[in-house]
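K.L.:
Protein sequences appear in the order of chains A and C. Take the first sequence: its letters are residues 33 to 332, numbered as in my numbering. Take the second sequence: its letters are residues 23 to 340, numbered as in my numbering.
Treat each hint with caution, since some may be false.
Claimed, not checked - Ranges between beta-carbon positions, derived for each pair:
#	chain 1	residue 1	chain 2	residue 2	range
1	C	205	A	59	47 to 55 Å
2	C	26	A	159	17 to 25 Å
3	C	150	A	101	46 to 54 Å
If you're looking for bench data, these hints aren't it; they were derived computationally from the structure. For every residue, glycine included, the Cβ atom is placed at its ideal position computed from N, Cα and C.
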Amino acid sequence: MATNIELTQPAPAADLAPRLSVLEEVVQFVRKKPLGAGGAFIILVMLGAAVFADALAPYDPYRADYGAQFARPSAEHWFGTDEFGRDVLSRILYGAQIALFVGFTASLAGCTIGGLLGMVSAYLGGTVDLLLERVMDVLLAFPQLILALAVASILGPAVQNVVIAVAIPIIPRAARVVRATALSVKENVYVEAVSALGASRRRVVLQHILPNVVAPWIIMVTAQLAGAILAEAALSYLGLGAAEPTPSWGLMLSGSASAYAEKAPWIGLFPGIAISLAVFGFNLFGDSLRDALDPKLRGR
Amino acid sequence: MRTYVAKRLLLIVPTLLGVAALVFFIMRVIPGDVTLLILGGDQAGRIDPAQIAAMKHQLGLDQPLLVQFGTWLWGVLRFDFGTSLWTGQSVIDELLIRLPLSLELALLASMVSVLIAIPLGMLAAVRQDSWVDYVVRVVSIGGLAIPSFWVGILCILLLVIYFGWGPPLEFTPPWVDPWANFQQMVWPVVTVGYRYAAVTTRMTRSTVLEVLREDYIRTAWAKGLRERVVVVRHALKNAMLPVITLIGTEFAFLIGGLVVTETVFTLNGVGRFVVDAVAHRDYPVVQALVFLIAFSFVIVNLLVDLTYAWLDPRIRYR
Chain A
33 MATNIELTQP APAADLAPRL SVLEEVVQFV RKKPLGAGGA FIILVMLGAA
83 VFADALAPYD PYRADYGAQF ARPSAEHWFG TDEFGRDVLS RILYGAQIAL
133 FVGFTASLAG CTIGGLLGMV SAYLGGTVDL LLERVMDVLL AFPQLILALA
183 VASILGPAVQ NVVIAVAIPI IPRAARVVRA TALSVKENVY VEAVSALGAS
233 RRRVVLQHIL PNVVAPWIIM VTAQLAGAIL AEAALSYLGL GAAEPTPSWG
283 LMLSGSASAY AEKAPWIGLF PGIAISLAVF GFNLFGDSLR DALDPKLRGR
Chain C
23 MRTYVAKRLL LIVPTLLGVA ALVFFIMRVI PGDVTLLILG GDQAGRIDPA
73 QIAAMKHQLG LDQPLLVQFG TWLWGVLRFD FGTSLWTGQS VIDELLIRLP
123 LSLELALLAS MVSVLIAIPL GMLAAVRQDS WVDYVVRVVS IGGLAIPSFW
173 VGILCILLLV IYFGWGPPLE FTPPWVDPWA NFQQMVWPVV TVGYRYAAVT
223 TRMTRSTVLE VLREDYIRTA WAKGLRERVV VVRHALKNAM LPVITLIGTE
273 FAFLIGGLVV TETVFTLNGV GRFVVDAVAH RDYPVVQALV FLIAFSFVIV
323 NLLVDLTYAW LDPRIRYR
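Given the sequences, and given the hints that come with them, work out the whole structure.
P.N.:
See below:
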C-alpha cells in the first residue's frame, strides 16, 4: 500500500528539466527577466558596498575635515564633501550597511510576526480571529508617522529603534496576506483528506498549510524590503530615525542638503540617487520574483 | 447586503476605539510635559510647582488618565474635539484652516495619477514584454523608488537656482486666485502624483494581465472582436476592481502621509500640523488628527468594499 502511494507520486520536477550549469541558468534568467536581473545586479552591488565598505571607502565616514569643507566632486573626493568636510562617497558606502540592516530586519521581523499572527488567525478562527483582525485593523489605520514619533521620543532616535517603527506597519499587511492564503489553503480537498486520515492539527498546519504560505511570505518580505528602506530614509529625513553623525542616506538629505543646496548640490544629490537606486533594485527583483512564484502569472 | 453593511459599520467601532486608546496613551507615555513646555523651558526647578499645578488644573491634566480619556471620548461622540492646549482655539477650527490645502493636494494628485496611470498600465499589459512595457515598468518602479522628499528638494533646487522662482509662502485657495494657487501647488502635486501614479500603473498592469488570461476574454477574441473592444469593454471593466481598492486606500494614506511633502515645500497643511502638535505635546490636537485620519481611512476602505459589491455581481456579501 505504502509503496503504491510512493509510485503514484509525480517525480520531482528538477529531475525532468535538463540540468543547467550555474552560468547557463544565469544567462537564461537574464534573457527571460532582464528587469529582474537588473534588480539583482543593483542588489549585489549594494551588498558589495555594504560588506566591503571598510576596504572601499577612501575616507573615514565620520571624520570631519575642516580644511576640505564643501569640496566639489573631484579625483580626491569623487562625490565631494559635506559641510563638515566629510567624504560623501564614503558616507554613502557605509550608508548601504544601514539601509540594508534596517530593510532586512524590519521586513523580516514584520513579515514573520505578521505571518505567524495570520496563520494563527486563520487556523483558530472564531473569537481569536475576530480579535486579531481588529488589532490588525487598528495598526493599519494608525499613522506610521505618529508611531515613529513615539518610538523616537521614548527610545531615542537611533538606527535600532527606527527598525521598530518601520516593522510595526508591516505586521498587519503580512498578517492579512498570510491569513487569506491560509484560509484558502484550508478549504482545499487535500487538507480535508489529510484530516480525515487522522492527521493531528499540528501536522496539518506544519506539513500542509505552512508550505503553501511560504511563497506569499517570501513575496511579502521582498516587497516590503524596498518599502522599509524608503521608510527609514523618510523617517531619518524627518529627524525620527538615525541621529547624526550616522551616515544614513535619509539623514544626509535632511538639513544641510537643502540648506546648502545652491552652494553644494552634491551633498543632496548623491544620497538621493543611492536611495532611489537601492529601492529601485529591490522593487525590480521583487517584481520578477512575484511573477516567477505567482501561479496565476507563471510561465508567461 | 444590508446585513453586510450593518456588520461592517459595527466593526468600525472597535477599530476606532482602538486607535483612540492607542494614540491617547502613546501621547501620555512620550516624555515631555506640556505644562513645562507652555510655561517655558525644561528647567523644572525654576518654575513654581504651584504654577505648574494650576496650569495642569486649568488644562484638565490633573485628573486621572481614565477620566481624561472618558471625557475626551464623550466629546468625540458629540463631534467636539476639544481645544488646543497652546492656542485655546477649537481643534476643528484650527484644522479647517489647514485642511483645504492638504485636501486639494491629495485630490489633484490622485486625479492626475488616475488619468495617467490607467491608460499606461493597460498599454503595458496589452503589450507585455515589449519595449513599451519595459519603459512603463521602469518609470513606474522609479516612482516607487525615488523618495518624494528628494524629488521635492530637486524641484526646489532647479526652480530656485535656475529660474529664480520661489513658491509663494501663503496658501491661496483656488477660489481666490487660481493662478497663485496653481503656482504653489503644481510642484507638490507633481511630486506626490508621480508616486501615486506609479502605484496605480503597476496595479492596473498586473490586474489587466490576469484578466487577459480569463476564458471569457478568449471567447471575446474568438468572436472576432477588435482588440480595443476586447481590452476596454471586456478586460478593463473587470480589472478595475483591485485598482479602485488601491486608489481608495492610497488616498486614505495620502491624507495622513503628506507630512514629508509639506515639510519639503514648507506648506502649512494637515501633515505639518500633526508634527508640530506632537512636538508641542498638544494632546487634543494630536488625538483629534490621528482619530480623524484613522476615521477617513476606515470609511474609505468601507466605501471601496461596497463599490466592489456594486460593480461585481459575483460578490455576494453575507
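K.L.:
Are the hints correct? Go through all of them and say.
P.N.:
We went through each hint and held it up to the structure:
1. C:205 <-> A:59: 47 to 55 Å: 52 Å, holds
2. C:26 <-> A:159: 17 to 25 Å: For residue 26 (chain C) and residue 159 (chain A) the Cβ distance comes to about 20 Å; the hint holds.
3. C:150 <-> A:101: 46 to 54 Å: Because 51 Å falls inside the window, the suggested range holds.
In this structure, every one of the numbered hints holds.
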